[in-house]
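Chemist: Based on the hints, put chain D with the ligand in the right spot on chain P.
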Amino acid sequence: MKLLTCPVNGPRNIIEFQYLGPVRAANPELPDQLTEALFYVENPLGMLTEWWRHTPSNTIFIAERHTVTDQIVATYLPNRKPA
Amino acid sequence: MPLTLLKYGLRGRHASFRDIPATPDLKPSYDVVIVGGGGHGLAAAFYLSTVHGITNIAVLEKGYLAGGNTARNTTTIRSNYLTTESIRFYKEGVSLFETMSEDLGFNVMFSQRGQLTLAHSEATMRSFHLRAEMGKHMGVRTEVVDVKTVRAMCPHLNLDEGGMHEVMGGLWHADGGTARHDAVAWGYAKRAAERGVEIHQRTTVTGFRKDGDRVTHVVTDRGEIAAGQVLQAVGGLNGQVAEMAGFKLPIRCFPLQAMVTQPLKPFLDILLSSANMHTYLVQSSRGEIVIGGGSDPYQLASTRSTLDQKEHLAEGVLHLFPFLHKVKLLRQWAGITDMTPDYSPIMGASPMRNYWLDCGWGTWGFKATPVAGKRMAETIATGRVPDILLPFDMRRFDNFALLNEMGATAASH
Ligand SMILES: Cc1cc2nc3c(=O)[nH]c(=O)nc-3n(C[C@H](O)[C@H](O)[C@H](O)COP(=O)(O)OP(=O)(O)OC[C@H]3O[C@@H](n4cnc5c(N)ncnc54)[C@H](O)[C@@H]3O)c2cc1C
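Those protein sequences? They're chains P and D, same order as listed.
Mind the numbering: the first sequence is residues 1 to 83 in UniProt numbering, read in order.
Mind the numbering: the second sequence is residues 1 to 413 in UniProt numbering, read in order.
Looking at chain D on its own, in the form it has when it is part of the complex:
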């Protein structure tokens, strides 16, 4: 192997290749038009073209490929939710990550190192017991651990014994992990493009033409195209694009901010979060500490960062690891999240017959990229919403059948 590599390196000519083809001209018509070239849209394109044999597809992306929330997220992958409907769904998501690198022939750097969420109050401990039991019932690895176990897992952690944020225990989720967000999107895009899916970057959808309860055409800034079926997966702008299609979604925009430090020697080999402090962190494979937390306090659709929120994130991290006080921040950013009232996504049918929704992913949708793509592709190909997606129908708000995941989402993402 090293010899082959050496020979390859010394050879003068290397054939160049590109993973993602340049944007072609728009055709007059497609079987499926996917609005939004983030991880979700690309995963749906991948499953439609590889599993269901539908290849006359255009993915329309207003910016660059997967530059929305897919590019901004902190890549927590987990299935320790609260309701049976959610756990079933996210469990399938985690299992697809487990084989993704092999399935795509593309290294997505999935690292299933486990997630520990800390409790600093009795109330949080009680909610952890509930989540652990629900998880066990649904067959995911989730358990409550005591302080001794926390100390063994994370010897550098400040347990603050007797203090204001004393660690009382934690929720250990051995199935939790992280993956490289860009690689997930690029892997799906590359394999879908090989099947003939067209990826149109810098193409903004500006409206729809309709005939009764069907969308006939998608209007873009590069012209109009006829569409057999449409999938909407536009991240932070889901509320606005639905309005273009003529209906309202129960979605509000809030920014979510994150940041990373300079690279450090490895000291943290799990994903760590604190429910009470609204902070979570993970050490990336480059050694940087990736830090995230709760949403901004008021509605906004701008990706600026604020000092208040960054200070809040830093405060949480310094409480957990005081020795990081001299570490420098390298980058910081924000994304616009599309928040639903119950902290669960909206997937499946819309008021339009050939218009499908994969939205309301808010602050937690990266982990669902493969499973949402797979199940939405199945929906579009068969015209039938699979059972696993039915609880996520947008009509649940009109029927008061909410799927409340607020407590299992807050600051653990």
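The shape of chain P in the complex, shown without the other chains:
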């Protein structure tokens, strides 16, 4: 069982969560960034900042995770990144 720490509910089994994909650099509201935002999603070999949802409590938050080691380094609510 892999644990993911929900900023509200604490460590929970990762199957309780829904993956919502990377936090995007491109802005879909800007026409020249639209295709970038739709199709060219972040795909690094390394640290990725991404959206998750804790399904039972509907908590949406951000995780920082390494895409090769699968290590979760931090989780926090949007705009509340710990210093």
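No lab work stands behind these hints: they were computed from the structure.
Hints may contain errors.
Claimed, not checked - Each pair of labels, with its calculated beta carbon distance range: (1) P/72 / D/303: 12 to 20 Å; (2) D/95 / P/27: 39 to 47 Å; (3) D/318 / P/31: 46 to 54 Å.
A virtual CB, placed ideally from N, CA and C, is assigned to each residue, including glycine.
Modeler: Just chain D with the ligand now, with coordinates in the frame of chain P:
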């Protein structure tokens, strides 16, 4: 024949031979450099050297020959896709498998036993009708079958009548089959090597040198080589290698997991999958049940397996065949797949003039090994992308001309 064999066996000396020559030294320059020694790269090398007479080729493989996704796939071969562009392409792929053993003089154990995909909902049945009509229109053998036919094809199947996953019917694809994945790669490698193609194992491409919009040199951990043309076919790492070449691909990495059971007596003579349960299985010629399913739920570039996903695969199989509950698993593994937004591959031109793409093969590219190799070789040899490949151009994302095959790919591979 038995007597000849006996005599041969009793004779003391047998000349040894190797299918694939040892890795030679790198030459300073090649007409074509193929990055990635998986099935796709090797098939392209085969067609370039046999059909187009281009033999000054280096295939560069960072690990061992065809040890990437070619070695990890569950070998479903089929052409029952949804769009006309895809069906046309995959149909040619299936037809090349039909003659591959003879064409290569190498037994790839192609077994065209047909594929049955089960529907457990009305919505799935409706999508099957659409796929069946598209298939018929394009001349592939695809039809919707009722529960009675499903029962006749697969008498051991749990139809779960009245239950949660009641089987409502299926999509029967008589053209579907499987082949031995290693043999496909080795067969192409052997015949290409006979023509003079050099296969460089344990040779990692680390970058490219460019002059304007042309790649001039391929940089490897064994030195730098000049290249006339470059083909990129690196499976799970396609996004990363494209970045080395200086451009971005619409690709994300997700693991795909699979597993096999201990060998059993033959009981399943078709390929079987369930669209709703995200599980598919096939009995190999050794009797093992090969089990695959949907991708991992989040982006990752590591080939570890997870208990969650393995449990999910086992659950689907046990639902379809409850009597397998005491069967042991022998092996399990994962591969990194290069997923595109529309579940179709990217083939053809890149932003660099002499740099060609055969990537975005995700969870479904083994079946395309011969046709992609053949058509990419044609592209490189003539400098022109053939019509059959044009819909797969990477610029389709900028033009919103997507080829959505998600529904026809999910868990049927
Ligand atoms: C579990 C699983 C099940 C699958 N099931 C099916 C199926 O049933 N049917 C189907 O059609 N498809 C299936 N697929 C997909 C299929 O395996 C792939 O699409 C296909 O094998 C891709 O072939 P390839 O030659 O392009 O890539 P690969 O076989 O991955 O070859 C690419 C090679 O490039 C090498 N490489 C990478 N980076 C570098 C570098 N920098 N320098 C040099 N070499 C490099 C790698 O080592 C690798 O050997 C499955 C995949 C997985 C993981």
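Chemist: If a hint holds in the structure, say so; if it doesn't, say that too.
Modeler: Taking the hints in turn, this is what the structure says about them:
1. As the Cβ distance of residue 72 of chain P to residue 303 of chain D is approximately 19 Å, the hint placing it in 12 to 20 Å holds.
2. At roughly 46 Å, the beta carbons of residue 95 of chain D and residue 27 of chain P sit within the given window of 39 to 47 Å.
3. The hint said 46 to 54 Å for the Cβ distance between residue 318 of chain D and residue 31 of chain P, and at roughly 50 Å that hint holds.
In terms of the numbered hints stated before, the structure departs from none.
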